[in-house]
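Chemist: Given next are the chains, with one letter for each unit.
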Amino acid sequence: MTIWYGGDYNPEQWPRDVWDSDVQLMQRGGISLATVAVFSWARLEPRPGEYDFGWLDDVLDTLHAGGIRVDLATATASPPPWLAKRHPETLPVTEDGVRLAVGSRQQYCPSSPVYREHARRLVERMVERYADHPALELWHVNNEYGCHVSRCYCDVSAAAFRTWLEARYGSIEELNRAWGTAFWSQRYDAFDEIEPPRAAPTFRNPTQLLDFDRFSSDELTACYDAEVEVIRPASDVPITTNFMGFFKPVDYWKWAPKVDVVSDDTYPDPADPNSAAYAAMVRDLMRSLGDGAPWLLMEQSPSAVNWRTRNAPKAPGMMRAWSYQAVARGADGVLFFQWRQSEAGSEKFHSGMVPHGGTDTRVWREIEALGAELQRLSGDQVGLEGSRVPAQVAIAMDWDSWWAIEQPASPTNVSYLEVLFAWHRALSSLGVTVDFVRAEADLSGYRLVVAPAHFVATDAQVENLAAFARAGGTLVAGFGTAITDEHLHIRLGGYLGAPLREALGIRIEEFAPPAAPDLRATGEGEAPPVPITGEVLGGDALGATWAEFVRLDDAEAVSTFTDGALAGWPAITRRASDGGTGWYVATLPEPDALARLAAAILEDAGIARPDPVGTGGALEVVRRGEYVVIINHGGDEAELTLAGTDLLSGSNAPGLVLPPQGVAIVATDTDG
Amino acid sequence: MTIWYGGDYNPEQWPRDVWDSDVQLMQRGGISLATVAVFSWARLEPRPGEYDFGWLDDVLDTLHAGGIRVDLATATASPPPWLAKRHPETLPVTEDGVRLAVGSRQQYCPSSPVYREHARRLVERMVERYADHPALELWHVNNEYGCHVSRCYCDVSAAAFRTWLEARYGSIEELNRAWGTAFWSQRYDAFDEIEPPRAAPTFRNPTQLLDFDRFSSDELTACYDAEVEVIRPASDVPITTNFMGFFKPVDYWKWAPKVDVVSDDTYPDPADPNSAAYAAMVRDLMRSLGDGAPWLLMEQSPSAVNWRTRNAPKAPGMMRAWSYQAVARGADGVLFFQWRQSEAGSEKFHSGMVPHGGTDTRVWREIEALGAELQRLSGDQVGLEGSRVPAQVAIAMDWDSWWAIEQPASPTNVSYLEVLFAWHRALSSLGVTVDFVRAEADLSGYRLVVAPAHFVATDAQVENLAAFARAGGTLVAGFGTAITDEHLHIRLGGYLGAPLREALGIRIEEFAPPAAPDLRATGEGEAPPVPITGEVLGGDALGATWAEFVRLDDAEAVSTFTDGALAGWPAITRRASDGGTGWYVATLPEPDALARLAAAILEDAGIARPDPVGTGGALEVVRRGEYVVIINHGGDEAELTLAGTDLLSGSNAPGLVLPPQGVAIVATDTDG
Amino acid sequence: MTIWYGGDYNPEQWPRDVWDSDVQLMQRGGISLATVAVFSWARLEPRPGEYDFGWLDDVLDTLHAGGIRVDLATATASPPPWLAKRHPETLPVTEDGVRLAVGSRQQYCPSSPVYREHARRLVERMVERYADHPALELWHVNNEYGCHVSRCYCDVSAAAFRTWLEARYGSIEELNRAWGTAFWSQRYDAFDEIEPPRAAPTFRNPTQLLDFDRFSSDELTACYDAEVEVIRPASDVPITTNFMGFFKPVDYWKWAPKVDVVSDDTYPDPADPNSAAYAAMVRDLMRSLGDGAPWLLMEQSPSAVNWRTRNAPKAPGMMRAWSYQAVARGADGVLFFQWRQSEAGSEKFHSGMVPHGGTDTRVWREIEALGAELQRLSGDQVGLEGSRVPAQVAIAMDWDSWWAIEQPASPTNVSYLEVLFAWHRALSSLGVTVDFVRAEADLSGYRLVVAPAHFVATDAQVENLAAFARAGGTLVAGFGTAITDEHLHIRLGGYLGAPLREALGIRIEEFAPPAAPDLRATGEGEAPPVPITGEVLGGDALGATWAEFVRLDDAEAVSTFTDGALAGWPAITRRASDGGTGWYVATLPEPDALARLAAAILEDAGIARPDPVGTGGALEVVRRGEYVVIINHGGDEAELTLAGTDLLSGSNAPGLVLPPQGVAIVATDTDG
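Residue numbers (UniProt numbering), protein chains in the order written: chain G, 1 to 672; chain W, 1 to 672; chain U, 1 to 672.
Fair warning: there could be bad hints in the mix.
[Said to hold, decoys possible] If you want a taste of the chain U side facing chain G, the calculated C-beta under 8 angstroms gives, among others:
#1 Gly180
#2 Asp189
#3 Phe191
#4 Pro197
#5 Asn205
#6 Glu486
#7 Leu488
#8 Gly494
#9 Glu590
#10 Asp592
[Stated by the list, open to error] Straight line, CA to CA, 20 angstroms or less: simulated DMTMM-like cross-link-like pairs of lysine to aspartate or glutamate:
#11 G:Lys85 / U:Asp218
#12 W:Lys254 / W:Asp442
#13 G:Lys85 / U:Asp96
#14 U:Lys254 / U:Asp218
#15 U:Lys85 / W:Asp192
#16 W:Lys85 / G:Asp189
#17 U:Lys85 / W:Asp442
Hints were generated in silico from the structure; no laboratory data involved. Idealized CB from N, CA, C, for every residue including glycine.
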């Protein structure tokens with residue numbers, strides 16, 4: 001067992017004589033895994049049906065000779081220009097009808113049978129040639145599915161969408177019912193009258209939009225399935241495709257069971273002080289997608305990226321600190337995009353493990369040092385890789401809700417991710433590890449489940465959440481939850497659905513989102529904050545994003561709104577019963593207040609918060625297996641107080657000083 | 001006679017068993033009029049030529065049985081998807097060439113003969129079936145014409161535009177002259193070379209743009225005409241179509257004479273403190289469009305809408321207060337969109353008279369209470385409905401000017417509506433009721449006419465305004481007035497046209513709009529204010545939007561600019577003659593200063609301002625017929641001082657306390 | 001010899017009887033040159049192959065009779081509508097595939113052989129008819145090439161692009177190498193697979209983008225060449241086409257050698273206090289494009305323009321002051337757009353020499369006064385026209401670098417022009433005149449060369465700049481310089497290229513541009529400033545736009561960064577050797593600090609700054625020939641101290657008071 005270390009390796013960008021020195025440098029840097037052939041289709045199949053595998057044989061053999069294992073991409077992520085030339089209908093089309101051109105990457109319609117067939121043919125050759133190559137460690141199907149083209153509105157996609165709808169609804173009557181087409185004269189007489197949600201005079205049918213999101217996510221998954229169907233029968237090597245954190249276009253809950261190991265590409269912004277906290281949330285999602293199994297950090301950047309408007313480098317030590325964050329939260333490998341910084345092309349300003357400036361550079365020195373460190377940490381003696389990350393708290397996360405709550409023609413504009421992040425951050429800041437779960441999952445392993453902005457909730461999900469509270473759990477529902485069923489039909493009678501209304505002891509009479517004046521009705525002004533008060537918040541505080549009129553049927557108000565027509569109405573409610581406890585939070589308290597609320601809820605749920613592990617700095621603390629990982633994201637030094645021994649320094653933890661970006665992995669003296 | 005009360009009723013969204021309870025609830029709520037079938041085409045004609053009227057028979061019979069009158073829509077507002085499927089050329093096209101798809105509403109090209117023929121066929125069936133239905137009170141042709149698609153750039157529209165131009169100009173030479181095509185090598189050799197103003201390399205010909213606005217407005221009117229031609233011969237029931245307040249795309253002055261009763265949809269933003277003042281202006285336009293006749297508030301929202309970015313609910317009492325504002329300013333009915341809040345579709349978050357939460361809700365209680373109140377107010381004994389709203393002051397309003405002054409390649413960016421609103425608000429805040437008029441109308445009934453930013457003025461309009469001043473009236477011209485004739489040809493020699501230059505005693509030498517520095521010449525910086533001074537303004541003040549060099553030929557400067565190259569030049573001028581008086585205002589004074597100026601002008605015109613009717617609050621005061629309606633839009637209580645009796649409370653007015661959103665309708669002791 | 005004075009004359013907008021009064025008024029105004037027929041194609045060729053030259057004969061004869069010389073346009077700038085009607089494929093297409101319509105101007109694809117052939121035919125007729133006309137002074141080919149349509153993405157352009165690429169690269173292999181298509185699977189198998197950089201899923205290939213910029217610039221130049229090929233054999237009259245200052249779409253370095261006299265259209269914003277300084281930079285470019293030869297200010301505005309969002313008039317005196325600025329910096333003529341302000345069309349609000357208000361206007365009076373003044377200044381006795389403007393300092397300017405550094409997917413967003421302007425302004429503010437040069441030019445005539453943000457540098461350019469420093473010159477390289485070669489391949493090993501690294505004694509390890517936090521990774525936040533310090537800056541200061549880690553190999557740090565990870569790293573370096581001196585500036589110091597740095601560099605280079613010429617005001621000082629031109633751009637008066645006589649007032653210069661916008665042209669007592 002090892003903690004994998006490496007990155008994307010694109011030797012076809014460089015002369016052959018560089019390759020040997022690459023392998024030597026990899027060895028020096030402790031690299032154990034290289035991802036190869038991600039963007040090699042045009043090189044491997046220079047014209048239809050003509051293949052050139054010699055150079056790739058050479059790459060794999062050279063890596064193998066150097067002891068570097070290979071994560072072999074199927075090379076289907078970006079078709080060669082000849083595909084578009086010969087089959088222009090494979091090019092994707094925007095909702096405005098613009099057919100996108102060759103010249104960048106990923107220029108294919110996910111529903112295109114022509115694309116899929118050409119991809120399948122290539123994968124057959126790849127499998128035929130490399131399934132038994134001794135360097136092969138992992139199959140890397142395609143790359144970042146949907147990164148640039150996740151929705152296609154072409155006629156081919158339209159036909160596929162109709163087929164998908166017919167399979168989903170069976171009859172046009174059932175579709176009309178689900179989509180609510182009685183309104184606005186939208187009734188379809190036959191499936192062939194339906195279009196994708198192309199540019200239209202005004203708001204498109206919400207359920208059409210949601211179904212197109214579902215369809216489009218499914219189509220990308222189907223592209224993956226088609227490749228796996230070729231690989232699986234011919235190879236026992238595990239298969240992955242790289243996810244992209246909280247990636248709105250694709251429902252990873254549906255996809256994750258299809259990969260043998262979850263892998264993730266994440267690029268937090270070094271210029272953003274929230275990035276470490278945000279990345280922690282992403283790591284927790286990756287672990288949760290695999291049901292707790294170890295996962296791979298497939299791509300991160302050694303330093304700056306190139307695709308933001310302004311691209312800050314990582315501060316000294318930041319790359320190491322963020323790498324350990326991934327390991328702490330369940331990763332068994334740390335990989336980068338890419339090995340050698342490009343000399344040309346669209347990513348030449350994306351940092352590489354080997355920078356433009358070569359090895360006499362801070363970036364390479366940090367890469368080399370981390371490689372050496374991870375090699376020391378690897379192996380059964382330490383037992384970090386393969387171990388699990390325990391959690392008693394879960395947040396319900398749902399792509400349908402994400403898609404739906406951010407649709408236009410809603411009560412207000414909500415960023416689903418901001419709401420999720422606020423809750424995850426509040427809980428994490430208290431030293432609590434959080435899983436993500438689907439609302440219909442078995443929740444019995446958790447003591448606290450938070451469902452924020454879970455806009456779309458099936459009957460089963462409503463019942464499952466309510467049952468969790470009835471069975472002794474502590475359930476927290478946030479505003480925007482269970483407003484509709486899976487067809488986006490309103491849950492009448494106070495929203496939330498009857499089981500949740502009962503579990504929480506409330507119903508919602510009317511939404512009252514904060515809004516700014518705007519004479520011309522574009523509504524683009526910033527929303528004003530909403531004053532609230534309550535002991536659970538530590539007194540007066542401000543809410544954001546949402547407010548509403550909540551009616552108490554069988555609950556107490558533990559916080560109230562204090563201004564305007566809302567004054568005196570409940571902002572946060574609590575219902576304790578013989579079974580469990582149900583909290584409802586009708587706005588988004590500002591970070592400090594939300595952290596206080598989270599602490600109160602944890603206490604209410606009987607979940608002990610871990611003791612402080614040190615003083616000073618800004619410490620992230622995560623338990624993995626037998627170790628507590630501590631990372632100082634602050635600008636000041638921290639001094640540890642936790643009893644135990646730091647694996648990295650070999651020192652006793654108490655008294656150990658962590659500088660900014662410093663990390664300790666403490667084998668605790670007592671059981672965690 | 002009754003003050004109508006009701007709303008859009010879309011029972012096809014709900015199961016049949018809901019319908020009976022709807023009627024019972026309507027009776028409870030005092031509902032007298034329901035608008036039916038607005039979006040029913042796809043249900044009424046599920047496939048071409050096959051009709052299903054049974055359910056609509058049922059709806060009308062059920063309403064009739066319950067004593068509810070019907071405003072019957074012709075159902076042509078949104079064609080069924082099958083029309084687009086069979087006739088894709090009926091779909092509208094944007095100026096960028098994007099053909100808009102089905103899936104929302106109103107997806108038709110207004111010039112499409114195919115659409116118009118299909119609409120006509122449906123209207124024939126509707127008339128045939130329901131012209132004699134006993135519930136029928138009003139025909140509601142189509143719905144919100146042009147709301148989403150008011151301009152279509154397709155080839156069908158292009159051909160219609162050419163036909164319209166040929167009819168307007170007779171010869172291509174005349175068009176070339178009017179459009180000034182000698183410039184920029186735009187000369188057309190034949191009508192078939194002309195296109196709609198589609199996306200072009202740079203500024204499109206201004207007269208082409210203006211003519212396309214006129215054409216497009218006419219095409220929508222022609223759609224209305226085509227339906228009326230079917231209805232009129234077969235039915236004596238009055239006909240309307242719902243306008244949308246100050247709706248830029250359509251010239252309602254040309255349309256209004258074609259409706260039997262003016263009706264309006266208006267949705268002021270509850271989050272905007274200017275909304276009540278803005279709504280007052282809209283009500284005054286509606287009354288003016290009908291030449292003073294009572295009109296219908298066809299749609300307003302019971303509480304929040306759903307199409308702004310953030311949608312605030314109406315504060316308690318606000319729906320009632322704004323309803324009475326409409327009545328005070330001439331409405332004989334108050335209706336809502338819509339009866340029952342939708343369960344699905346794009347408007348499910350638009351409030352309904354019966355909310356998602358049912359009748360145990362503030363919204364329903366306010367609906368019910370207002371219904372009861374309006375029933376008590378209705379009838380000849382009170383005599384509110386049918387009565388007139390007197391005005392001595394008018395503002396000239398003109399769609400050509402609106403279209404033209406907001407074109408690009410102008411001296412500066414002017415919001416025509418902001419200028420109009422500034423003047424309307426200043427006058428209204430002084431207790432004066434304002435009509436809107438066309439500049440060529442008979443103005444003899446007014447003592448003061450304001451023509452702000454009346455950019456496009458025909459010779460007849462210039463002469464009519466000047467003649468008003470010559471005949472003893474007080475004329476106020478604002479900047480931007482009579483810059484061009486109806487072809488957008490400059491009125492040379494000082495702008496304004498000779499008759500107005502004489503009436504005002506001035507000419508304009510050069511425009512000098514306030515502008516912010518911008519190295520890159522995008523000019524997007526905010527315009528700085530323009531300092532002015534003068535007793536009529538109460539001393540020093542700031543102007544906005546516009547400034548210019550005005551030359552005095554036969555007038556006095558009552559205010560001057562005080563800064564930069566403009567320092568000492570006239571900002572406001574006055575010319576009194578044996579006949580009347582002419583004022584000219586070369587900038588837009590800030591609100592307080594403009595109110596002071598308006599007061600000075602009223603005094604100059606010998607128009608008495610009404611005495612204060614109370615103290616405290618922020619009172620809107622309007623006389624209608626024998627009553628003075630008083631509405632408190634402020635956040636504080638007001639106490640009335642006006643002698644008389646309040647119809648609503650039955651109390652004596654003096655000493656009566658109006659809370660925020662409070663209303664009184666006072667039968668004054670003396671004649672107003 | 002004369003200093004030309006005049007403007008665009010479009011008599012076809014006006015009735016014939018206006019023409020005679022035009023000529024009389026021109027004589028009154030001292031007009032000597034009129035540009036005719038710029039937008040006359042549709043009038044001259046009302047239908048294909050039918051010509052109507054009679055009216056133009058009349059115009060030229062009338063002008064000639066009045067003694068006005070003619071700059072005759074070839075009239076090809078805007079094709080008549082009939083061309084688009086008969087050949088729709090001549091209309092340009094945007095990168096989103098929108099085909100632009102008739103109705104504005106310049107609606108042609110520059111690569112269209114149909115357009116070029118029609119233009120050629122017209123030019124043949126023009127030359128045939130007017131080559132020997134006695135009024136002819138200058139041929140004016142087309143007009144403002146590329147102003148609105150500089151890039152066309154149609155299929156015709158695509159084919160021309162492929163032909164251009166094939167000529168450039170010879171083989172598809174060579175193109176693949178240059179474009180770096182090994183990355184992202186972009187390898188082309190044949191030229192016919194290549195498209196223009198149309199809308200694509202994500203970042204398009206950078207070298208493809210750059211080559212498309214080069215191609216598009218070349219195509220416009222080829223349109224010019226095609227017309228010149230018709231004129232040159234038939235006429236000895238000089239030929240020009242009007243440039244547009246720093247116009248990004250066209251590489252004027254490649255174009256300028258093809259014109260007989262450089263001419264320029266520039267419209268600084270009167271509302272922008274930076275405009276005079278910016279215009280100075282533009283004049284210097286125009287002089288430099290012609291290698292120091294006199295040039296023509298072909299278009300400026302008499303007062304306001306009409307195409308900004310808000311269009312301020314020129315302040316009194318500003319038109320005169322800016323006209324003299326052009327003359328001071330090498331112009332031998334001052335012309336305007338346009339003679340008579342239009343009555344109709346898209347530019348009717350663009351000021352004219354004869355305003356809408358006629359001649360009793362400030363604008364006309366200033367036009368007339370300047371005309372008289374220039375007549376007095378003209379002639380060999382004074383000798384201003386034809387004389388040269390000396391400069392010891394040059395700034396390297398490069399269109400490839402402009403195009404490339406502003407591409408997306410770069411380290412940060414840099415405005416190339418802002419960087420150039422900052423340097424030009426700093427040097428100009430010290431009284432130093434600056435030329436612009438190509439980096440591969442002979443630099444031996446200069447003592448100081450600044451190369452800021454010269455992103456793309458060929459080997460020859462790198463070597464030429466380094467050689468300049470080796471040969472005793474003072475070279476200043478700014479951040480962003482020589483990052484890549486001409487194919488946008490990175491200069492590995494520390495950027496800059498080996499010769500420059502040696503000349504400067506540094507290499508660059510990593511870029512660290514200032515960046516603002518942004519959770520959602522759009523990076524749109526404003527960049528924070530970068531603190532720097534150093535005596536050459538006058539102590540502590542702020543940098544903008546860029547920062548980086550610079551390694552000193554053989555240079556001293558004369559300024560350092562002071563914050564964050566950059567603290568202590570060099571911000572400005574200097575390397576003095578036996579030969580010359582090399583400075584490197586790793587950020588953009590704020591204006592005051594940059595001026596101090598420029599002063600220190602001038603001193604280091606042994607370049608004496610001129611003594612102050614006066615006190616007070618904000619004086620621009622330029623030597624041309626035997627005269628020093630002094631312009632007061634400030635809001636306060638200035639008093640001259642320079643010994644000599646002012647040509648304009650005839651007074652002694654010392655003690656002469658220049659009001660705001662005042663100008664003096666001083667014949668100095670001593671040699672300059």
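Chemist: Does the nearest C-beta of chain G fall within a distance shorter than 8 angstroms of the C-beta of Glu486 (chain U)?
Modeler: violated (12 angstroms)
Chemist: Using 8 angstroms as the Cβ threshold, decide whether Phe191 (chain U) counts as touching chain G.
Modeler: violated (11 angstroms)
Chemist: Would you check whether Pro197 (chain U) satisfies its interface hint, that is, whether its CB is within less than 8 angstroms of any CB in chain G?
Modeler: holds (6 angstroms)
Chemist: Just to be careful, I want the Cα atoms of Lys85 (chain U) and Asp192 (chain W) compared with a cutoff of 20 angstroms; is the pair within it?
Modeler: holds (8 angstroms)
Chemist: Can we keep the Gly180 (chain U) interface hint, with Cβ of chain G closer than 8 angstroms?
Modeler: Where the cut-off is 8 angstroms and the nearest Cβ of chain G is about 3 angstroms from Gly180 (chain U), the hint holds.
Chemist: Keeping to a limit of 20 angstroms between CA atoms, is the pair of Lys85 (chain U) and Asp442 (chain W) held or broken?
Modeler: violated (46 angstroms)
Chemist: Quickly compare the C-alpha distance for Lys85 (chain G) and Asp96 (chain U) to 20 angstroms and report which way the hint goes.
Modeler: holds (18 angstroms)
Chemist: Could you check if Leu488 (chain U) really has its C-beta closer than 8 angstroms to a C-beta on chain G?
Modeler: OK, holds: Leu488 (chain U) within 8 angstroms of chain G, min 6 angstroms.
Chemist: Double-check Asp592 (chain U) for me: the hint is only fine if its C-beta lies closer than 8 angstroms to a C-beta in chain G.
Modeler: Not OK, violated: Asp592 (chain U) not within 8 angstroms of chain G, min 24 angstroms.
Chemist: Is the straight-line distance between the alpha-carbon of Lys85 (chain W) and that of Asp189 (chain G) 20 angstroms or less?
Modeler: The given pair, whose Cα atoms are some 11 angstroms apart, holds under the 20 angstroms limit.
Chemist: When you check the alpha-carbon spacing of Lys254 (chain U) and Asp218 (chain U), does it fall within 20 angstroms?
Modeler: holds (9 angstroms)
Chemist: Please verify whether Lys85 (chain G) and Asp218 (chain U) have alpha carbons no more than 20 angstroms apart.
Modeler: Distance of about 26 angstroms is beyond 20 angstroms: violated.
The structure is inconsistent with the numbered hints 3, 6, 9, 10, 11, 17, although it conforms to all the rest.
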